[in-house]
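For the record, the sequence lines run as chains A and S. Residue 36 is where the first sequence starts when you use the numbering used here, and the numbers rise one by one after that. Residue 36 is where the second sequence starts when you use the numbering used here, and the numbers rise one by one after that.
None of these hints come from the bench; they were simulated from the model. Among the hints, erroneous ones may be present.
Treat identical chains as interchangeable: a pair holds within one or across any two.
In silico EDC-like links for lysine to aspartate or glutamate, alpha-carbon gap of 16 Å or less [stated by the list, open to error]:
| no. | residue 1 | residue 2 |
| --- | --- | --- |
| 1 | LYS349 | GLU308 |
| 2 | LYS452 | GLU425 |
| 3 | LYS205 | GLU451 |
| 4 | LYS326 | ASP401 |
| 5 | LYS353 | GLU275 |
| 6 | LYS64 | ASP54 |
| 7 | LYS329 | GLU275 |
| 8 | LYS432 | GLU80 |
| 9 | LYS376 | GLU275 |
| 10 | LYS349 | GLU275 |
| 11 | LYS329 | ASP348 |
| 12 | LYS248 | ASP226 |
| 13 | LYS112 | GLU139 |
| 14 | LYS90 | GLU120 |
| 15 | LYS364 | ASP401 |
| 16 | LYS153 | GLU425 |
Protein chains: 2
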Amino acid sequence: MLDYFFTPKSIAVLGASNDPLKLGYEIFKNLKGYGGKVYPINIKEETVQGVKAYKNVKDIPENVDLAVIVVPRRFVKQALIDCGEKGVKGAIIITAGFGEMGEEGKREERELVEIAHKYGMRIIGPNCVGVMDTHSNMNATFIMNAKKGSVAFVSQSGALGAGIVYKTIKEDIGFSKFISVGNMADVDFADLMEYLAEDNNSKAIALYIEGVKNGKRFMEIAKKVSKKKPIIALKAGKSESGARAASSHTGSLAGSYAIYEAAFMQSGVLVAETIDDLLSMARAFTQPLPKGKKVAIMTNAGGPGVLTADQLDKRGLKLANLKEETMEKLREFLPPMAAVKNPVDMIASARGEDYYKTAKLLLEDDNVDMLVAICVVPTFAGMTPTEHAEGIVKAVKEVNNGKPVLALFMAGYVSEKARELLEKEGIPAYERPEDVGSAAYALAAFAERNLEV
Amino acid sequence: MLDYFFTPKSIAVLGASNDPLKLGYEIFKNLKGYGGKVYPINIKEETVQGVKAYKNVKDIPENVDLAVIVVPRRFVKQALIDCGEKGVKGAIIITAGFGEMGEEGKREERELVEIAHKYGMRIIGPNCVGVMDTHSNMNATFIMNAKKGSVAFVSQSGALGAGIVYKTIKEDIGFSKFISVGNMADVDFADLMEYLAEDNNSKAIALYIEGVKNGKRFMEIAKKVSKKKPIIALKAGKSESGARAASSHTGSLAGSYAIYEAAFMQSGVLVAETIDDLLSMARAFTQPLPKGKKVAIMTNAGGPGVLTADQLDKRGLKLANLKEETMEKLREFLPPMAAVKNPVDMIASARGEDYYKTAKLLLEDDNVDMLVAICVVPTFAGMTPTEHAEGIVKAVKEVNNGKPVLALFMAGYVSEKARELLEKEGIPAYERPEDVGSAAYALAAFAERNLEV
Numbered sequence: 036m037l038d039y040f041f042t043p044k045s046i047a048v049l050g051a052s053n054d055p056l057k058l059g060y061e062i063f064k065n066l067k068g069y070g071g072k073v074y075p076i077n078i079k080e081e082t083v084q085g086v087k088a089y090k091n092v093k094d095i096p097e098n099v100d101l102a103v104i105v106v107p108r109r110f111v112k113q114a115l116i117d118c119g120e121k122g123v124k125g126a127i128i129i130t131a132g133f134g135e136m137g138e139e140g141k142r143e144e145r146e147l148v149e150i151a152h153k154y155g156m157r158i159i160g161p162n163c164v165g166v167m168d169t170h171s172n173m174n175a176t177f178i179m180n181a182k183k184g185s186v187a188f189v190s191q192s193g194a195l196g197a198g199i200v201y202k203t204i205k206e207d208i209g210f211s212k213f214i215s216v217g218n219m220a221d222v223d224f225a226d227l228m229e230y231l232a233e234d235n236n237s238k239a240i241a242l243y244i245e246g247v248k249n250g251k252r253f254m255e256i257a258k259k260v261s262k263k264k265p266i267i268a269l270k271a272g273k274s275e276s277g278a279r280a281a282s283s284h285t286g287s288l289a290g291s292y293a294i295y296e297a298a299f300m301q302s303g304v305l306v307a308e309t310i311d312d313l314l315s316m317a318r319a320f321t322q323p324l325p326k327g328k329k330v331a332i333m334t335n336a337g338g339p340g341v342l343t344a345d346q347l348d349k350r351g352l353k354l355a356n357l358k359e360e361t362m363e364k365l366r367e368f369l370p371p372m373a374a375v376k377n378p379v380d381m382i383a384s385a386r387g388e389d390y391y392k393t394a395k396l397l398l399e400d401d402n403v404d405m406l407v408a409i410c411v412v413p414t415f416a417g418m419t420p421t422e423h424a425e426g427i428v429k430a431v432k433e434v435n436n437g438k439p440v441l442a443l444f445m446a447g448y449v450s451e452k453a454r455e456l457l458e459k460e461g462i463p464a465y466e467r468p469e470d471v472g473s474a475a476y477a478l479a480a481f482a483e484r485n486l487e488v
Numbered sequence: 036m037l038d039y040f041f042t043p044k045s046i047a048v049l050g051a052s053n054d055p056l057k058l059g060y061e062i063f064k065n066l067k068g069y070g071g072k073v074y075p076i077n078i079k080e081e082t083v084q085g086v087k088a089y090k091n092v093k094d095i096p097e098n099v100d101l102a103v104i105v106v107p108r109r110f111v112k113q114a115l116i117d118c119g120e121k122g123v124k125g126a127i128i129i130t131a132g133f134g135e136m137g138e139e140g141k142r143e144e145r146e147l148v149e150i151a152h153k154y155g156m157r158i159i160g161p162n163c164v165g166v167m168d169t170h171s172n173m174n175a176t177f178i179m180n181a182k183k184g185s186v187a188f189v190s191q192s193g194a195l196g197a198g199i200v201y202k203t204i205k206e207d208i209g210f211s212k213f214i215s216v217g218n219m220a221d222v223d224f225a226d227l228m229e230y231l232a233e234d235n236n237s238k239a240i241a242l243y244i245e246g247v248k249n250g251k252r253f254m255e256i257a258k259k260v261s262k263k264k265p266i267i268a269l270k271a272g273k274s275e276s277g278a279r280a281a282s283s284h285t286g287s288l289a290g291s292y293a294i295y296e297a298a299f300m301q302s303g304v305l306v307a308e309t310i311d312d313l314l315s316m317a318r319a320f321t322q323p324l325p326k327g328k329k330v331a332i333m334t335n336a337g338g339p340g341v342l343t344a345d346q347l348d349k350r351g352l353k354l355a356n357l358k359e360e361t362m363e364k365l366r367e368f369l370p371p372m373a374a375v376k377n378p379v380d381m382i383a384s385a386r387g388e389d390y391y392k393t394a395k396l397l398l399e400d401d402n403v404d405m406l407v408a409i410c411v412v413p414t415f416a417g418m419t420p421t422e423h424a425e426g427i428v429k430a431v432k433e434v435n436n437g438k439p440v441l442a443l444f445m446a447g448y449v450s451e452k453a454r455e456l457l458e459k460e461g462i463p464a465y466e467r468p469e470d471v472g473s474a475a476y477a478l479a480a481f482a483e484r485n486l487e488v
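Just chain A, with the same shape it has in the complex (with noise of 0.2 Å):
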């Protein structure tokens, strides 16, 4: 359906440039690592950045897939006529200046709809940031890469959109793709979410929303997907200053917050707080989903496992009654001061082979639906740095029994090596009580949702 803009065949980017200050500098340059054919058009330019430049994406020899469109805002029109009359499938609209501009500006942009569907194409934009695709290695934003990974993330906001790339780069979260919708001219969420819920790459959606124009259509595609896959939602202007805030920036009335949480709790969209809690949501879904409420919590430090009890309680989320079996197991190996009651903590000298062990015993018991695995400062008494969350792999690849675990890895950069071996084996890391707290959440209540169906 919208294939185009993620695995286009080829790609042209009229007002690709060779002048480093200016967005076509940067988008052809993130375009030239895709394994497609990419196109540079420039009306003044023999070559962009050493590629044999069109004049118009007419003259080029080849069909044409997916346009991104960065040139000036008069010459929008013409250059989006120039690629309906090519047969281009779909239009990035980077250009800015179209509906967040008043009146005049909606009318003209409306107009660009009307082009592009004469044309059979689809828009994404205008005012946008453009389109990333980390499974297809296709970037055509004028930002960098994000990491790869499994969360379709689309922003209504590009410069929030474009920080939380840069941010997640650091943090070594990974998207499959990277939407920026900008004004939502054409494709709007109700088509992307349409469009994903199909993608193998994507195992949920996340979106950052300041406001949604057809309500009623948001909710019915909504309801139809959430059901198969989950989507994740933070609404920007929740507030009275906020939803001001959102208006002056989008020209469009944010509407009542009420109103918005109504509509996603009815079409079974989880909701998030903050851009943390919207991507530790979203980064759960690589586990199974779980069979109930009921959290197992092993931990090498004390307060990290209150802190993480308090935030599962917050979330309706319970700390699972152990077996008696299962604790007299855990007492043999672990030192008198450990406490085998869940929380289980192991303390400080806890190494890789209790982590294993334990995680181990609590996935075998039939008590708990789900596993949270802490550590902190594993660095003491000649420990490496990876050594618990090797155990906790170990242990949920011996296991095998459909549980989902969520690791909380709490130094900073400390355990960075331990958080990015567990994200390989598909284990979502966290570095904080509250996103494993809402991740946690977020299986369950999808699950919980999904059992009903």
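Chain S: place on chain A using the hints.
Showing chain S alone in chain A's frame:
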């Protein structure tokens, strides 16, 4: 009063070791960087890490202010007696296995306190990670140095405290002191609040609390101290599950959270919900206090402005109504697509000069009590990584009218340099809208309380 714990003239490490697998190795290694005299005590070795060792603390030919005790549990009592006879003033007992181990351990712990008091000594610990003072450059712990800063951080969980120190190194957040209080057999939260109230290097006191032993005294001291210096507390064990987990961690009942919350409120302690919240609030106090709750937001991206407005609203702050004059002046140099109503959206093209001019106008507006300056992804179009931060700093220095300024630089590692620059100038630079919201709240709440007095 408790100076000898933070700026001792001389330190003895009982249990200093040559064995890298022992805590006494790390502690002595860390202390070697300290300016004062540091003596290793080891019954078997002639030298420890190249420094002449003594068999007993009493053999040291000079006075000893502070002792760090990390000998095996069965030797702790005698080590403490030796310290008392030597005239040591303060003892940090790292060794675990006392009050947290049940009745017998509690009895032994009480005995330690009796010994200490008999000799006029005070004890921090036992069962703790130690004490760090970044200003005197003393690290009497077995963990890495924290970054130097102005927040005094007191943690009842050693591993969590260590995890936070590691996390904050990465995030460029600084502490004046880190104090792991362990079992609080003697020196407790109250003693430390009283001491830190007089410490010029500490602008705020951050507490991670699992349970307070003498609630009445805690409240009395907190009430007094919080009138001159902000105290921010994160109480773990809020929920029933969390409280149960805390109880199995510290061996003492954590008590109902509602009671704690009421006590905090009554004694002027600001309540944090998460670790990030605790740190965000505490870090804000490098800034002057606001005269009211009216906040101006400036941003180069709409989305973060909206999210921040939401967070401020949630925390009871207001968006300032800018004076007509201010908006007119902003209109003169900002592009037509910019929004000059609060939040002021300077849009993505805003450069350092725009940040300078806008910050100046907003600080000069009488309707504004506090400024939040937001920046996202300032890399394209030949911008330098720090020009936006420089613009803010220049405006603050020029206007210099005592209004607090908080920064929100959201693009992960892309804005790392800018955040460093702001922090160096004493402007707290946050990464998440909720953190800057908490910070603004803390300043306003503390100011409100202070102005009443």
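Hints and how they fare:
no.	hint	verdict
1	LYS349 x GLU308	both (14 Å within a copy, 11 Å between copies)
2	LYS452 x GLU425	within (11 Å within a copy, 34 Å between copies)
3	LYS205 x GLU451	both (10 Å within a copy, 11 Å between copies)
4	LYS326 x ASP401	within (11 Å within a copy, 58 Å between copies)
5	LYS353 x GLU275	between (35 Å within a copy, 10 Å between copies)
6	LYS64 x ASP54	within (11 Å within a copy, 54 Å between copies)
7	LYS329 x GLU275	between (38 Å within a copy, 15 Å between copies)
8	LYS432 x GLU80	neither (56 Å within a copy, 46 Å between copies)
9	LYS376 x GLU275	between (46 Å within a copy, 15 Å between copies)
10	LYS349 x GLU275	between (26 Å within a copy, 10 Å between copies)
11	LYS329 x ASP348	within (11 Å within a copy, 35 Å between copies)
12	LYS248 x ASP226	within (12 Å within a copy, 58 Å between copies)
13	LYS112 x GLU139	within (14 Å within a copy, 83 Å between copies)
14	LYS90 x GLU120	within (15 Å within a copy, 91 Å between copies)
15	LYS364 x ASP401	within (15 Å within a copy, 68 Å between copies)
16	LYS153 x GLU425	neither (56 Å within a copy, 49 Å between copies)
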